[in-house]
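> Chain residues, written in single-letter form:
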Amino acid sequence: MVIEIRRYHRDQDSPSTFVQYKVDPEKTLLDNLITLKEEVDPTLTFSRGCRSGVCGSCALRVNGEERLACMTRVQEGDRVEPLSVLTVIRDLVVERESSLETLDRGGAFLMDPQEIPLSEEDERLIERQSDCILCESCFSSCPVYETNPHFLGPFTLTRVYRYLVDKREGEKRGHIDRIVENGIWDCTLCGRCGEVCPMGIDPKNDILLLQSWASRYGYSNPQMASFGSYGLEF
Amino acid sequence: MIWDLIVVGSGVAGLSAAIRGRELGRRVVVVAKGYPTQAQTAMAQGGMNAPLSPGDSPERYEEDTLKAGKGIGEREAVHLLAHRSIEAIQWLERLGMPFSRHGNRIAQRRLGGVPVARACYAQDYTGLKLLHTLYDHARKRGVHFLNNHFLLSCIVEGGEARGVTLLDIGEGSVRQLLGSAVVVATGGYAGIYGKFSTNSHGMVGDGIAAVLRAGAKLRDMEFVQFHPTALVQNSLLISEAARGAGGKIINGDGERFVDELTTRDRLARAIYEQLEMGKKVYLDITHLGEDFILSELPQEYRLARLHGGVDPLKEPIPIRPVAHYTMGGIEVDLELRSSIPNLFGVGEVASTGVHGANRLGGNSLMEGVVFGRRAGERASEVEGSGGEREYEETERDRHLIETLLARSGEGESIYREMGEVQELLYRKGGIVREEGELDGALAKVRQCQEELPSKGIGDGSRLYNTDLVAFLEYRNMLDVAEAALTAMKGRRESRGAHYRRDYPEEDRDFQAHSTLWKDNGVLYLDFKRVS
Ligand SMILES: Cc1cc2nc3c(=O)[nH]c(=O)nc-3n(C[C@H](O)[C@H](O)[C@H](O)COP(=O)(O)OP(=O)(O)OC[C@H]3O[C@@H](n4cnc5c(N)ncnc54)[C@H](O)[C@@H]3O)c2cc1C
Ligand code: SF4
Ligand code: SF4
Ligand code: FES
Chain V
8 MVIEIRRYHR DQDSPSTFVQ YKVDPEKTLL DNLITLKEEV DPTLTFSRGC RSGVCGSCAL
68 RVNGEERLAC MTRVQEGDRV EPLSVLTVIR DLVVERESSL ETLDRGGAFL MDPQEIPLSE
128 EDERLIERQS DCILCESCFS SCPVYETNPH FLGPFTLTRV YRYLVDKREG EKRGHIDRIV
188 ENGIWDCTLC GRCGEVCPMG IDPKNDILLL QSWASRYGYS NPQMASFGSY GLEF
Chain D
423 MIWDLIVVGS GVAGLSAAIR GRELGRRVVV VAKGYPTQAQ TAMAQGGMNA PLSPGDSPER
483 YEEDTLKAGK GIGEREAVHL LAHRSIEAIQ WLERLGMPFS RHGNRIAQRR LGGVPVARAC
543 YAQDYTGLKL LHTLYDHARK RGVHFLNNHF LLSCIVEGGE ARGVTLLDIG EGSVRQLLGS
603 AVVVATGGYA GIYGKFSTNS HGMVGDGIAA VLRAGAKLRD MEFVQFHPTA LVQNSLLISE
663 AARGAGGKII NGDGERFVDE LTTRDRLARA IYEQLEMGKK VYLDITHLGE DFILSELPQE
723 YRLARLHGGV DPLKEPIPIR PVAHYTMGGI EVDLELRSSI PNLFGVGEVA STGVHGANRL
783 GGNSLMEGVV FGRRAGERAS EVEGSGGERE YEETERDRHL IETLLARSGE GESIYREMGE
843 VQELLYRKGG IVREEGELDG ALAKVRQCQE ELPSKGIGDG SRLYNTDLVA FLEYRNMLDV
903 AEAALTAMKG RRESRGAHYR RDYPEEDRDF QAHSTLWKDN GVLYLDFKRV S
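Each protein sequence line maps, in turn, to chains V and D. Numbered per my numbering, the first sequence spans residues 8 to 241. Numbered per my numbering, the second sequence spans residues 423 to 953.
These are computed hints drawn from the structure, not numbers from a lab. The structure displayed is predicted, hence computed values, not measured ones. Some clues are possibly wrong.
Straight-line Cα separation of at most 30 Å, DSSO-like style, residue types lysine-lysine; simulated pairs [said to hold, decoys possible]:
#, chain 1, residue 1, chain 2, residue 2
1, D, LYS702, D, LYS670
2, D, LYS940, D, LYS877
3, D, LYS562, V, LYS34
4, V, LYS174, D, LYS701
5, D, LYS950, D, LYS492
6, D, LYS911, D, LYS617
7, D, LYS702, D, LYS877
8, D, LYS617, V, LYS34
9, D, LYS670, D, LYS617
10, D, LYS617, D, LYS866
11, D, LYS701, D, LYS736
12, D, LYS911, D, LYS702
13, D, LYS562, D, LYS617
14, D, LYS489, D, LYS639
15, D, LYS701, V, LYS34
16, D, LYS617, D, LYS639
17, V, LYS29, D, LYS617
18, D, LYS911, D, LYS492
19, D, LYS736, D, LYS492
20, V, LYS34, D, LYS702
21, V, LYS34, D, LYS670
22, D, LYS489, D, LYS911
23, D, LYS701, D, LYS617
24, D, LYS950, D, LYS639
25, D, LYS492, D, LYS670
26, D, LYS562, V, LYS179
27, V, LYS29, D, LYS877
28, V, LYS34, D, LYS877
29, D, LYS911, D, LYS639
30, D, LYS866, D, LYS940
Chain D with its partners taken away, still in its complex shape:
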């Protein structure tokens, strides 16, 4: 069968696209690596932006977003986001989204960097409740779900997308899924930093790697937002609320070294510099008192105890900055079209240019809804023309999986090397960057890519083989890391979340988007000036 719409990814963006497709009467299938509500969207706590407060307006929202984007935000995309946000909230209301209330109105809170309360939230579970509301509605609308399927490749024929190839994780077999249009909504790539990331497991940019191999263009891959305060043990995020309430950032000598309320970028850099000097850094909330902590910061208290092994009432919490959100991704236009016809990208996986050089808190969930619905609409207009036969990509991927399974137990395990590369990315391609270090990291990543055929899996079973999935993710991680490092090296300036020690100033010549693509296995980089 040929679907009208294949959506890969079940987060806020994928489900919004899928629902729009069903509203327009299309046959829609949503593919996810796990089960739909396990998407990383569930982790978002803070909220989603819409200018509902008195005195706020779509114009102000637009200006704040462009300002955070540091000169490379795309005005038209930002305009769309800001002007469709209120209608998006109303749509969610009709689906039953349980936003927190203040009196009879949707409650809003302030998120970092914005002077007005603009983020709609649902306690500390905004993403969770949004995801589940969309999921319930998608089921009501008859969206078909294909769970536990891993995206391997995009099928492209005559320059147009025809579908995707998937690994059925439960069975260990490769199958193809054909559709008139493919919407890639597989989320961001902050997970390439492994232990140094707030992200959910496996967020290594599978979708980005797949479309890059298929010949699509990527954009702004150097822009990765780091969150300044995450637990050292497992990088869970300690929210800004702790600092807002008077929490102090101190080093191992008990000294304060930075204004706690400065921007995320600056704070992350200041903390990172201390760590580089070999000092430990802590978030100290002990002086706030037991009553206050237990009533106002209960989540932080619980997480620090369980995962950090510290009692925040009595001792400071060890923290470090970690990768949190990726602005770059598949290059798409205002209609969410990638450079390959009939292939769309939306959500964190895509780059519409909305976030520019840095994302404002609360903008990604909203982006997922506004642009997700738009992607679903545009993709629904596509009339497919491909035939129903087995494609080359399917044959090739089947061969890959069969080879990996047949050789199980032979090659070296990937896990140790994977951990090393992730740490290297954090140190050399993370918060502070420099030409020589980026060269070194790139050389290492390329060496790992070359040596990958000598690595292997230890589990030869077809049945729900998570060792096999880890291997495929590692392959993608290396491809995505190569692209990101290449863009970091090419951008010889500092802007937004991208900081170069050797080029610490913003440079007007770089008021441009980086573009990356692959031809015959070779990666190319170019810069396009912002319109």
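The shape of chain V in the complex, shown without the other chains:
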């Protein structure tokens, strides 16, 4: 079985090329990458950690779709590429420093913790959102980045939602104030992020819920306002 991997090295004559490799269909994509590195080409570069879908290291794209290499079987003709949107460092490794900074801008933490015991239902409200492994697949899939590089993005907004609705959070408004700019109103609600999330998280839905929280605090969707002023001219 043969697959193609996009190789990238900034110093090479043609920095980006697809190279074909023979792989073993009985193994995961990650195990195949490891074998290729150890036995075929030591320069093949990728990230890995837990090999069980919890550390988020090995996210990449297969035929354009975001995947965890450790949880994916290979198929004939697969095209393997690094995540999109993020800057590629080498081969399948991307730079994540700047995307992680959205966590600070968005305020993804408990701002004013209260000593309130959580019930089973309270915990369930944040259970799925707190499964996030920060693989950044959703970030890679989000079309907003084509036009707005400052967008807070799906994983940060989901995380903000998770702390906002945490019963122990005493400062709700502070969260809202930080996500109205380059945040909840910039999302096109396309749903791509939820489709690619390996943990079954649906950031789009959380963003919708954040929008209604924002309305409660007196914010309104600026995009709707602009529809108003331009009339129905499109």
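Fit chain D with the ligands to the supplied structure of chain V, relying on the hints for placement.
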């Protein structure tokens, strides 16, 4: 610049230390090989211990932990762990840790060997959620993160730690990081068994190798816990839940040969003996029925299908015991101080003596929080005195990296030999040990150490060179393996996770900790009786 606190490692222990440092107003930097939330802590599923259940108490927790430690657990350290655990859970609650609930209380489950439900958990993602909660809080507190940096050496001057040297993986260059105190929290070394380990990639004990080279002492390196049931294909752990629910352990002839609910040690040994006789061993859950498996063991079902290539509804799952957790590490006292002033060790990388000869499930995450915070506090008290100049270690490591890069493509690749050594460690320094075999393994490891200069890397690029990182890890793996094998050979008895076929009984003369250190490149071993 000189930091107040350098923390190497971003797992539960490192982040707990870093946060404590920030609470005390210190300038803190956390270094990680990858990104912070990629630490192995994310893999922990079972839970973390705290005596919250009715009828449970810190005293009982203390006794259970000491019992599992088989006579060489350090009572004071265990006392501290047990008595600070409840407060640690409360602290995590304030950070927003989403523990699973039972009614309005934190839910708890039983983990192997303990008769009460003592482990707090967050579904099957305890470590993941703990790690991310700590990470979010560390960012809130202004901890500085230095990602994709590989620890090479500890800088020691006048007998005191001054900082560390690092390989910037992204750039392929060596830099030094200076600090008043250094906290090493780089995790355990079960990864020296390579494919025969449940651990995350690269957990070969880099921190242990670095401090050993710097002159620090190690302790109890012979104690490695093996998990009895991991998938043969890639050593992913199949949890005890599968056996608890009635899963059977059978050999290739379809025979049962062991009580499935016995201790991890015994089960691992019984399975290993079958494997040595050339038989295959399986975990059979087919009789539990589709409904039960899909609703109660969904993770096991998914992992066995994806990685094991078997359908657990229809066929037994091939398993084997593999290295899981390492009790030994950098020798530290109750204040997490190593034998080098201003150098601290905490988490799986360290040996406080809390686990003794064997760790109780759910104790390592708790250790990471309780002792991590303590390490952060103690390290914050240090007033540094070193100057801001380039140190000898930095020069030496730069030379090492430049030489490796310049010689790329010349030496022989390490990968084949690395795989062979890992398998050798599993066979000769693993579940069952014996003098002659340990001698053989030690000789092989030393030969590989000597021949390492003739090996090389195949990738000469500076840019994010993971081939170079693998080489550095292999060098550390050999040093750590040498230390562990030496301690295994020295301990002529069986105790806890250490089993010697030639000395199958516990021996009171060995109610002692092994201590290892290097002087002029020579490794020394001694035993210190437990106080
Ligand atoms: C599958 C599995 C399940 C487990 N389940 C449980 C459980 O249910 N309960 C429990 O209590 N324990 C459990 N454990 C054990 C527990 O997870 C670990 O002991 C604990 O997480 C170790 O944390 P740590 O902070 O010491 O290090 P780790 O989480 O291992 O982190 C190590 C850090 O050091 C960094 N590092 C390593 N080397 C270098 C280097 N050379 N340069 C720079 N940085 C470096 C890494 O990047 C990482 O950030 C489990 C372990 C495994 C493998
Ligand atoms: S739903 Fe919103 S956040 Fe998600 S991918 Fe689409 S635009 Fe991005
Ligand atoms: S929300 Fe899902 S896709 Fe996005 S980073 Fe988290 S786990 Fe990955
Ligand atoms: S290696 Fe950890 S998610 Fe794939």
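> Does each hint fit the structure? Answer for all of them.
Going down the list of hints, with the structure as the test:
1. Between the alpha carbons of D/LYS702 and D/LYS670 the distance comes to roughly 14 Å, so the proposed pair stays at or under 30 Å and holds.
2. The suggested pairing of D/LYS940 with D/LYS877 holds, with an alpha-carbon distance near 24 Å, which does not exceed 30 Å.
3. The suggested pairing of D/LYS562 with V/LYS34 is violated, with an alpha-carbon distance near 40 Å, which exceeds 30 Å.
4. Straight-line distance between C-alpha atoms of V/LYS174 and D/LYS701 comes to about 54 Å, which puts the hinted pair past the 30 Å bound.
5. Between D/LYS950 and D/LYS492, the direct Cα distance comes to roughly 16 Å. Compliance with the 30 Å bound is thereby established for this hinted pair.
6. Using a Cα cut-off of 30 Å, the hinted pair D/LYS911 and D/LYS617 holds, with the two alpha carbons roughly 23 Å apart.
7. For the hint pairing D/LYS702 with D/LYS877, the CA-to-CA distance comes to about 36 Å; that exceeds 30 Å, so the pair is violated.
8. Restraint check: the Cα-Cα separation between D/LYS617 and V/LYS34 comes to about 14 Å, which is no more than 30 Å; the hinted pair holds.
9. Restraint check: the Cα-Cα separation between D/LYS670 and D/LYS617 comes to about 24 Å, which is no more than 30 Å; the hinted pair holds.
10. Between the alpha carbons of D/LYS617 and D/LYS866 the distance comes to roughly 19 Å, so the proposed pair stays at or under 30 Å and holds.
11. Among the hinted pairs, D/LYS701 with D/LYS736 is consistent with the structure: their alpha-carbon atoms are about 21 Å apart, no more than 30 Å.
12. For the hint pairing D/LYS911 with D/LYS702, the CA-to-CA distance comes to about 29 Å; that is within 30 Å, so the pair holds.
13. Taking the CA atoms of D/LYS562 and D/LYS617, the gap is about 37 Å. The hint is violated against a cut of 30 Å.
14. At most 30 Å may separate the alpha-carbon atoms for a hinted pair to count; D/LYS489 and D/LYS639 meet this at roughly 26 Å.
15. Under the criterion of a C-alpha separation no larger than 30 Å, the hint pairing D/LYS701 with V/LYS34 is consistent with the structure, at around 24 Å.
16. For the suggested pair D/LYS617 and D/LYS639, the alpha carbons sit about 28 Å apart, so the restraint of at most 30 Å is met.
17. This hinted pair checks out: V/LYS29 and D/LYS617 have alpha carbons roughly 22 Å apart, not beyond 30 Å.
18. Taking the CA atoms of D/LYS911 and D/LYS492, the gap is about 19 Å. The hint holds against a cut of 30 Å.
19. Restraint check for D/LYS736 and D/LYS492: the C-alpha separation of about 41 Å exceeds 30 Å, so the hint is violated.
20. For a cut-off of 30 Å, the pair hint linking V/LYS34 to D/LYS702 stands: about 21 Å separates their Cα positions.
21. For the given pair, V/LYS34 sits about 27 Å from D/LYS670 by alpha-carbon distance, which is consistent with the 30 Å threshold.
22. Taking the CA atoms of D/LYS489 and D/LYS911, the gap is near 24 Å; set against the 30 Å cutoff, the hint holds.
23. Taking the CA atoms of D/LYS701 and D/LYS617, the gap is near 19 Å; set against the 30 Å cutoff, the hint holds.
24. A C-alpha spacing of about 12 Å is found between D/LYS950 and D/LYS639, which places the hinted pair at or below 30 Å, so the restraint holds.
25. Taking the CA atoms of D/LYS492 and D/LYS670, the gap is near 28 Å; set against the 30 Å cutoff, the hint holds.
26. Taken as a hint, the D/LYS562 and V/LYS179 pair is honoured in the structure, with Cα atoms around 16 Å apart against an allowance of 30 Å.
27. For the given pair, V/LYS29 sits about 27 Å from D/LYS877 by alpha-carbon distance, which is consistent with the 30 Å threshold.
28. This hinted pair checks out: V/LYS34 and D/LYS877 have alpha carbons roughly 29 Å apart, not beyond 30 Å.
29. With a C-alpha separation of about 18 Å, the suggested pair D/LYS911 and D/LYS639 falls inside the 30 Å cut-off, and the hint holds.
30. Proposed proximity of D/LYS866 and D/LYS940 is supported: the alpha carbons are some 19 Å apart, at most 30 Å.
Comparing the model with each earlier hint shows violations of hints 3, 4, 7, 13 and 19; every other hint is respected.
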